[in-house]
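*Asks:* Starting from the known structure of chain A, arrange chain B on it as the hints suggest.
2 protein chains.
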Amino acid sequence: MSISLPKAFNEFDEARQKGFIDVKELKEKGKNIVGTYCVFTPWEIILAADAIPISLCAMSDEPIPEAEKHLPRNLCPLIKSSYGFAITDTCPYFYFSDLIVGETTCDGKKKMYEYMNDIKPVHVMQLPQTTIGDDSYNLWRNEMVVLKERIEKEFNVEITDENLKQAIKARNEERRMLKKFYELGTLCPPPITGLEILKVLYGATFKTDKNEQNQTIDNMIKSVMEEYNNGVRKVSEDAPRILITGCPTGGATEKVIQIIEENGGAVVCFENCTGVKGNDTLVNEDIDPIDALTDKYLNVACSCISPNDNRIELLDRLVDEYKVDGVVDIVLQACHTYNVETYRIKKFLNENKNIPYMSIETDYSKSDIGQLQTRISAFIEML
Amino acid sequence: MSISLPKAFNEFDEARQKGFIDVKELKEKGKNIVGTYCVFTPWEIILAADAIPISLCAMSDEPIPEAEKHLPRNLCPLIKSSYGFAITDTCPYFYFSDLIVGETTCDGKKKMYEYMNDIKPVHVMQLPQTTIGDDSYNLWRNEMVVLKERIEKEFNVEITDENLKQAIKARNEERRMLKKFYELGTLCPPPITGLEILKVLYGATFKTDKNEQNQTIDNMIKSVMEEYNNGVRKVSEDAPRILITGCPTGGATEKVIQIIEENGGAVVCFENCTGVKGNDTLVNEDIDPIDALTDKYLNVACSCISPNDNRIELLDRLVDEYKVDGVVDIVLQACHTYNVETYRIKKFLNENKNIPYMSIETDYSKSDIGQLQTRISAFIEML
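Going down the list, the protein sequences come from chains A and B. For the first sequence, the UniProt record's numbering begins at 1 and goes up steadily by one. For the second sequence, the UniProt record's numbering begins at 1 and goes up steadily by one.
In isolation and in its complexed conformation, chain A is listed as follows:
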């Protein structure tokens, strides 16, 4: 059962590059591609139309200077990078996308989509600003229906309840497997590093064949545990256990994870969109599929929701489950909602969980690596 682990991890590490070819081939076979930017997007509706959803959230600083010709410099790098790839037409995933689906999550994305709409058709879902009240639920439910109708029209297909239910099952299966994988982080010491966890989670967003992905991850888990049970230890038992929270991580922001682990910390959990936030809760398979999707995607613990009590509940539980020693909150530069929430999160962790906390505001450049080194090493030393 054992597979070569470095090879398996590399496969996910290179998933973004490899995925280009997969998408090109799928496109040539006549498949429709839908680009998305958020865990709020109900991929199930796209899958139910036999289309391929792909994540376009950009994690590289390369196209940012071009984006800044239209967008302010003082804006989240994820938004600038995503828009930059779009206007420079340098992202094959964007290039092959037939439709973009966005949501009115944060101010930056909401306003950026207005400009992106000049490049590709963008369907923006109206996300309620709170989860409280029937109005929010009804608005979001109707947005599910509107998206379904838009996709049906755009791709000239009919999406049946049966299609939706199958897609829900498939996505739940994928989530279960990803969860099984990242929950390796609950072990003391963890059998894999945080950087390895991240590379698999991030790489998975570029894989289009989810059956193969599930199989690969399952094999990987078995190999990891085989080694671990044979006494192999990659991470020291004494390494302070770090939970990452905040904005999406991957690509350029891997620097933070790298610095934490180079300085003796072990990242055991990603409470963000790349990790737990999207995968922790499954979609209910036993009720009306549109209701089930509404419920799932209204309760994403994102800071754009006000109040965002779901995040507190999630952190409360994860800190215990992963036996966390310290929390690092990664805020992408100028992300107001996560930035404002740092005060509440710090207070909650310090006072209610008695856990040290630090927040880091960073972007996709390498210019702050020295400063991050200093701050992070001091934090880990303190734990």
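The reader is advised that the hints may include incorrect statements.
FRET-style restraints, in silico, Cβ to Cβ [as the list claims (entries may be wrong)]:
1. A:Asn74 with B:Asn10: 36 to 42 Å
2. B:Arg375 with A:Arg150: 41 to 47 Å
3. A:Ile132 with B:Ser367: 36 to 42 Å
4. A:Asp316 with B:Ser377: 52 to 58 Å
5. A:Ile287 with B:Lys153: 31 to 37 Å
6. A:Arg150 with B:Ser365: 42 to 48 Å
With a Cα cut of at most 30 Å, we get these calculated DSBU-like pairs of lysine-lysine [claimed, not checked]:
7. A:Lys169 with A:Lys296
8. A:Lys153 with A:Lys27
9. B:Lys323 with B:Lys234
10. A:Lys346 with A:Lys277
11. B:Lys69 with A:Lys347
12. B:Lys69 with A:Lys366
13. B:Lys353 with B:Lys234
14. A:Lys69 with B:Lys255
15. B:Lys277 with B:Lys347
16. A:Lys277 with B:Lys69
17. A:Lys353 with B:Lys120
18. A:Lys120 with B:Lys346
19. A:Lys120 with B:Lys347
20. B:Lys353 with A:Lys120
21. A:Lys346 with B:Lys69
22. A:Lys69 with B:Lys346
23. B:Lys210 with B:Lys277
24. B:Lys31 with B:Lys179
25. A:Lys255 with A:Lys7
26. B:Lys296 with B:Lys210
27. A:Lys346 with B:Lys120
28. A:Lys277 with A:Lys7
29. A:Lys69 with B:Lys353
30. A:Lys323 with A:Lys180
31. A:Lys69 with B:Lys347
32. A:Lys347 with B:Lys120
33. A:Lys69 with B:Lys366
34. A:Lys323 with A:Lys234
35. A:Lys153 with A:Lys29
36. A:Lys179 with A:Lys346
37. B:Lys277 with A:Lys69
38. A:Lys31 with A:Lys296
39. A:Lys255 with B:Lys69
40. B:Lys179 with B:Lys18
Quick caveat, the hints were computed from the structure, so don't treat them as lab data. Glycine is no exception: its CB is placed at the ideal position from the N, C-alpha and C atoms.
*Replies:* Chain B alone, transformed into the frame defined by chain A:
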């Protein structure tokens, strides 16, 4: 009919200070006070409960350092200043407020209200992110009803349709008078300076006796026109006519208006919340009052709405009506929505209206005055 103009303008200039005493007296008489932060707030519903709405939008940099203990530095000064006054309890208007009404307009305000709720009861209205579609209308209409019910409960009053209709009439009357006043700016040359227009508009937000306010402004207009018709010219006929757009102005941001006028420009129009944005459209007096309020307050041309076509339409018209030579867009630091919109506004003005445009990102400090001098004088010279 003539009144002493410097005295009349001073009265508005000092309105913020004087208003403190009025509010204290009203409070002692048992009146309920409702603090608000946005032109999206339907003041009519507050007035219909015989309560006093007051604007708490803060325009001073004084309390910002205290606010930055909870809020990020990289956030709009209006939000930080407003929150700073609240936590330091240094704003009598906030102190006397029984209830705060906010809206989910921008990310910064939305998240700040979560913290403000720990200081005073804050009722947050769920503003839709777009004006398009029945869902937006229905959501916003329901929020009007929810606010009405909250105020009824909070102050133990019943708000009848008749109360609402009277309040709508009164507010329309106030808007008509303010509009009549700021439309003095359409004259060539304008009979008053932009700074004078601003001081009256900003000062009016602190006046609680609106009948008296209407009378004072009416007298002021008559005096101004009497002088003007007698040949008095305060502003040169050759002064380039500037329209201000963007974020709210007043208090600390008066610096921009001052610099424009010191450098030979004449500010003739304020297309922002302090000026035209809230007063241009009246509330329909002939339909169901809740419907009328929904319609009015859904169509505020604010950048937090996506897409914000109303702003383009408004600018299109105002540039002609005020015979504008150049547009200055004031963006408060880190205001993502107005900042992202600058690209669209510049394009529209340059290409469709053939009008020069400059955007200025500023805060409540004095540190950028030198830089503003340089940029603004170069812009005006070019006109």
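*Asks:* Work down the list of hints and note, for each, if the structure agrees.
*Replies:* Hints, one by one, checked against the model:
1. With their beta carbons about 38 Å apart, asparagine 74 of chain A and asparagine 10 of chain B fall inside the hinted range of 36 to 42 Å.
2. Arginine 375 of chain B and arginine 150 of chain A have their C-beta atoms about 44 Å apart, which keeps the hinted 41 to 47 Å range intact.
3. In this structure the supplied range 36 to 42 Å holds for isoleucine 132 of chain A paired with serine 367 of chain B, their Cβ-Cβ distance being about 41 Å.
4. Between aspartate 316 of chain A and serine 377 of chain B the beta carbon distance is about 56 Å. The supplied range of 52 to 58 Å therefore holds.
5. About 34 Å separates the C-beta atoms of isoleucine 287 of chain A and lysine 153 of chain B, a value consistent with the hinted range of 31 to 37 Å.
6. Separation of arginine 150 of chain A from serine 365 of chain B is about 46 Å and conforms to the stated range, judged on CB atoms against 42 to 48 Å.
7. For a cut-off of 30 Å, the pair hint linking lysine 169 of chain A to lysine 296 of chain A stands: about 14 Å separates their Cα positions.
8. Straight-line distance between C-alpha atoms of lysine 153 of chain A and lysine 27 of chain A comes to about 19 Å, which keeps the hinted pair within the 30 Å bound.
9. Pair hint lysine 323 of chain B plus lysine 234 of chain B holds up; C-alpha atoms about 18 Å apart against a cutoff of 30 Å.
10. Of the supplied pair hints, the one linking lysine 346 of chain A and lysine 277 of chain A holds, its CA atoms being roughly 19 Å apart against a limit of 30 Å.
11. Simply put, lysine 69 of chain B and lysine 347 of chain A have alpha-carbon atoms about 12 Å apart, close enough for the 30 Å limit, and the pair holds.
12. For the proposed pair lysine 69 of chain B and lysine 366 of chain A, the alpha carbon gap of about 28 Å is at most 30 Å, so the pair holds.
13. Distance restraint check for lysine 353 of chain B and lysine 234 of chain B: the Cα-Cα separation of roughly 28 Å lies within the 30 Å cut-off, and the hinted pair is therefore satisfied.
14. Simply put, lysine 69 of chain A and lysine 255 of chain B have alpha-carbon atoms about 28 Å apart, close enough for the 30 Å limit, and the pair holds.
15. The suggested pairing of lysine 277 of chain B with lysine 347 of chain B holds, with an alpha-carbon distance near 21 Å, which does not exceed 30 Å.
16. This hinted pair checks out: lysine 277 of chain A and lysine 69 of chain B have alpha carbons roughly 28 Å apart, not beyond 30 Å.
17. Restraint check: the Cα-Cα separation between lysine 353 of chain A and lysine 120 of chain B comes to about 27 Å, which is no more than 30 Å; the hinted pair holds.
18. Straight-line distance between C-alpha atoms of lysine 120 of chain A and lysine 346 of chain B comes to about 22 Å, which keeps the hinted pair within the 30 Å bound.
19. Distance check on the hinted pair: lysine 120 of chain A and lysine 347 of chain B sit about 20 Å apart at the alpha-carbon level, within 30 Å; holds.
20. Proximity of lysine 353 of chain B to lysine 120 of chain A is assessed by CA-CA distance (about 27 Å); at most 30 Å being required, the pair is judged to hold.
21. Between lysine 346 of chain A and lysine 69 of chain B the alpha-carbon distance is near 12 Å, which keeps this suggested pair within the 30 Å criterion.
22. Using a Cα cut-off of 30 Å, the hinted pair lysine 69 of chain A and lysine 346 of chain B holds, with the two alpha carbons roughly 12 Å apart.
23. At most 30 Å may separate the alpha-carbon atoms for a hinted pair to count; lysine 210 of chain B and lysine 277 of chain B meet this at roughly 19 Å.
24. This hinted pair checks out: lysine 31 of chain B and lysine 179 of chain B have alpha carbons roughly 28 Å apart, not beyond 30 Å.
25. Straight-line distance between C-alpha atoms of lysine 255 of chain A and lysine 7 of chain A comes to about 22 Å, which keeps the hinted pair within the 30 Å bound.
26. Our distance criterion of 30 Å between C-alpha atoms is met by lysine 296 of chain B and lysine 210 of chain B, whose separation comes to about 20 Å.
27. Only pairs whose Cα atoms come within 30 Å are accepted, and lysine 346 of chain A paired with lysine 120 of chain B is accepted, the gap being roughly 22 Å.
28. Pair hint lysine 277 of chain A plus lysine 7 of chain A holds up; C-alpha atoms about 27 Å apart against a cutoff of 30 Å.
29. Using a Cα cut-off of 30 Å, the hinted pair lysine 69 of chain A and lysine 353 of chain B holds, with the two alpha carbons roughly 21 Å apart.
30. Distance hint between lysine 323 of chain A and lysine 180 of chain A is fulfilled; the C-alpha atoms sit about 17 Å from each other, no more than 30 Å.
31. For the proposed pair lysine 69 of chain A and lysine 347 of chain B, the alpha carbon gap of about 12 Å is at most 30 Å, so the pair holds.
32. Between lysine 347 of chain A and lysine 120 of chain B the alpha-carbon distance is near 20 Å, which keeps this suggested pair within the 30 Å criterion.
33. A distance of roughly 28 Å separates the Cα atoms of lysine 69 of chain A and lysine 366 of chain B; the hinted pair therefore holds under the 30 Å criterion.
34. Between the alpha carbons of lysine 323 of chain A and lysine 234 of chain A the distance comes to roughly 18 Å, so the proposed pair stays at or under 30 Å and holds.
35. For the hint pairing lysine 153 of chain A with lysine 29 of chain A, the CA-to-CA distance comes to about 20 Å; that is within 30 Å, so the pair holds.
36. Restraint check: the Cα-Cα separation between lysine 179 of chain A and lysine 346 of chain A comes to about 26 Å, which is no more than 30 Å; the hinted pair holds.
37. With a C-alpha separation of about 28 Å, the suggested pair lysine 277 of chain B and lysine 69 of chain A falls inside the 30 Å cut-off, and the hint holds.
38. A threshold of 30 Å between alpha carbons decides the hint, and for lysine 31 of chain A with lysine 296 of chain A the separation of about 27 Å falls inside it, so the pair holds.
39. For the hint pairing lysine 255 of chain A with lysine 69 of chain B, the CA-to-CA distance comes to about 28 Å; that is within 30 Å, so the pair holds.
40. With a CA separation close to 23 Å, the supplied pair lysine 179 of chain B and lysine 18 of chain B stays within the 30 Å bound.
In terms of the numbered hints stated before, the structure departs from none.
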